[in-house]
Each structure stands twice: as C-alpha cells, then as structure tokens.
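**Q** Given next are the chains, with one letter for each unit.
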Amino acid sequence: AQTVTQSQPEMSVQEAETVTLSCTYDTSESDYYLFWYKQPPSRQMILVIRQEAYKQQNATENRFSVNFQKAAKSFSLKISDSQLGDAAMYFCARRSNAGKSTFGDGTTLTVKP
Amino acid sequence: EAQVTQNPRYLITVTGKKLTVTCSQNMNHEYMSWYRQDPGLGLRQIYYSMNVEVTDKGDVPEGYKVSRKEKRNFPLILESPSPNQTSLYFCASSSGQRTNQPQHFGDGTRLSIL
Chain A
4 AQTVTQSQPE MSVQEAETVT LSCTYDTSES DYYLFWYKQP PSRQMILVIR QEAYKQQNAT
64 ENRFSVNFQK AAKSFSLKIS DSQLGDAAMY FCARRSNAGK STFGDGTTLT VKP
Chain B
2 EAQVTQNPRY LITVTGKKLT VTCSQNMNHE YMSWYRQDPG LGLRQIYYSM NVEVTDKGDV
62 PEGYKVSRKE KRNFPLILES PSPNQTSLYF CASSSGQRTN QPQHFGDGTR LSIL
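In the order they appear, the protein sequences are chains A and B. Read the first sequence against this note's numbering and you will find it ends at 116, with the numbers running on by one and no gaps. Read the second sequence against this note's numbering and you will find it ends at 115, with the numbers running on by one and no gaps.
Careful: at least some of the hints might be erroneous.
As the list claims (entries may be wrong) - Below 25 Å or equal to it, Euclidean Cα-Cα: the simulated DSS-like pairs (lysine-lysine) are:
1. Lys-66/B to Lys-19/B
2. Lys-81/A to Lys-18/B
3. Lys-18/B to Lys-66/B
4. Lys-58/B to Lys-19/B
5. Lys-58/B to Lys-18/B
6. Lys-73/A to Lys-103/A
7. Lys-103/A to Lys-72/B
8. Lys-73/A to Lys-18/B
9. Lys-103/A to Lys-18/B
10. Lys-103/A to Lys-76/A
11. Lys-81/A to Lys-115/A
12. Lys-103/A to Lys-115/A
Hint data in this document are derived by calculation from the structure and do not stem from the laboratory.
In isolation and in its complexed conformation, chain A is listed as follows (with noise of 0.2 Å):
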C-alpha cells in the first residue's frame, strides 16, 4: 500500500513566528499530487496548498508555502508569521492521477499567544 508519513503528531509555535510541519510520502507513480488540508475544531476539512508533482516550483498561497523534494518524497509545510487561525489538525495527502487518495494521519498544530 503507497503510504503517507507525518512524523510529528504535534507542533507548537508561538504566534507570528514560522512553523514547519513535515510530510513524506511512498509511491510508484511518476505523476501525482499532493495537498495540504487544514482540519480546524469544527472538523471541516479545508485545502490549505496543493503542488502537481510534475513541478519543480515550490508552491506558495501568502503565509503558507511547501518545499517539495521529489526525488527524496517528501512536501513540507512551512507556515510564516503564525495567527491563532492556524491552530488546526494539518493533513498531508497524495492523490494519484488515478484518482486514489491517500492521507497522513495528521499534525496537531498549537499557535501560542
């Protein structure tokens, strides 16, 4: 089964500074995707960035940019300048052209004041 890893069940940041939150990845695939979701209290899911893997650019939606390194399978998530907003559940996930989904199990992220 192609897995996804987010080896950090939890991560604190205090507010305004920069937080990285780590997600590798196994497939076989050459084409795919990959996204980053937000999973607030309210436990709606929101798409937080996404990156086509067939990119070499670093996607980047103002304070939220990822560093994706193919060839070592992994799409970090840095978070600049941290807002109390951010606290959330931060999902990592690969979709592949496929259409099958695949999720981490998730980073618990806390923004201190």
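Guided by the hints, dock chain B onto chain A, whose structure is given.
**A** Structure of chain B alone, referenced to chain A:
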C-alpha cells in the same frame, strides 16, 4: 452556494440494520469520494468515482457499497453495519477528470453502530 451536502449528520443505529448516507454536490463535479476518519488516524478512502457509472475501491472498501447513477449524488451504503464501522465519514468532490483539483468536503457524518 457551492457545497457538498451529507445526510444525516449524526446517526446511532444497531448492528445489521441497513443504512444509507447520502452525498450530493451542486458544483457539477466529475470526481466524488468517500472517506472515514477514526481517532488518531487520517482520512482513509473507502470508494471513489471518476464519473457517472464509474466507481473504484479505495483502501478500506470492505463492508461498504456505493453507486453513481447521477453526477451529483454518491450515496454510501452499509448493507449490514457492524460496530467497527463506527466512525466519522466525509464525502468529497472535485472538478475535472484530472485529479490535481482540490477536493471540496462535506461537513461529515458521525455514525455510531451499537
């Protein structure tokens, strides 16, 4: 408003009593998928559908059935529910045949099987 709607939001039922969780999207999305989320675990894919009349198994399909007769609807059927199917279920959809589009998720259905 663009949304994915799941019903019911909460259900407590007993072992063996067939149930259906409905999922409907109003965004004309081709792709739809069902997931379950258990404590301490991420979402695990049950079934997905790339388009009408096309369904495929995810990682945990045992004990579930789906159908995709219409583009907007993708019901999840538990023919004979068991306690190990107690979980939080999410339906999701995304546009296009290409799977680089992010998924839009419903608000979740919490099922308790006694």
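**Q** Evaluate each hint against the coordinates.
**A** Cross-check of the supplied hints:
no.	hint	result
1	Lys-66/B to Lys-19/B	holds, 11 Å
2	Lys-81/A to Lys-18/B	violated, 46 Å
3	Lys-18/B to Lys-66/B	holds, 14 Å
4	Lys-58/B to Lys-19/B	holds, 20 Å
5	Lys-58/B to Lys-18/B	holds, 23 Å
6	Lys-73/A to Lys-103/A	holds, 19 Å
7	Lys-103/A to Lys-72/B	holds, 19 Å
8	Lys-73/A to Lys-18/B	violated, 46 Å
9	Lys-103/A to Lys-18/B	violated, 29 Å
10	Lys-103/A to Lys-76/A	holds, 17 Å
11	Lys-81/A to Lys-115/A	holds, 17 Å
12	Lys-103/A to Lys-115/A	violated, 36 Å
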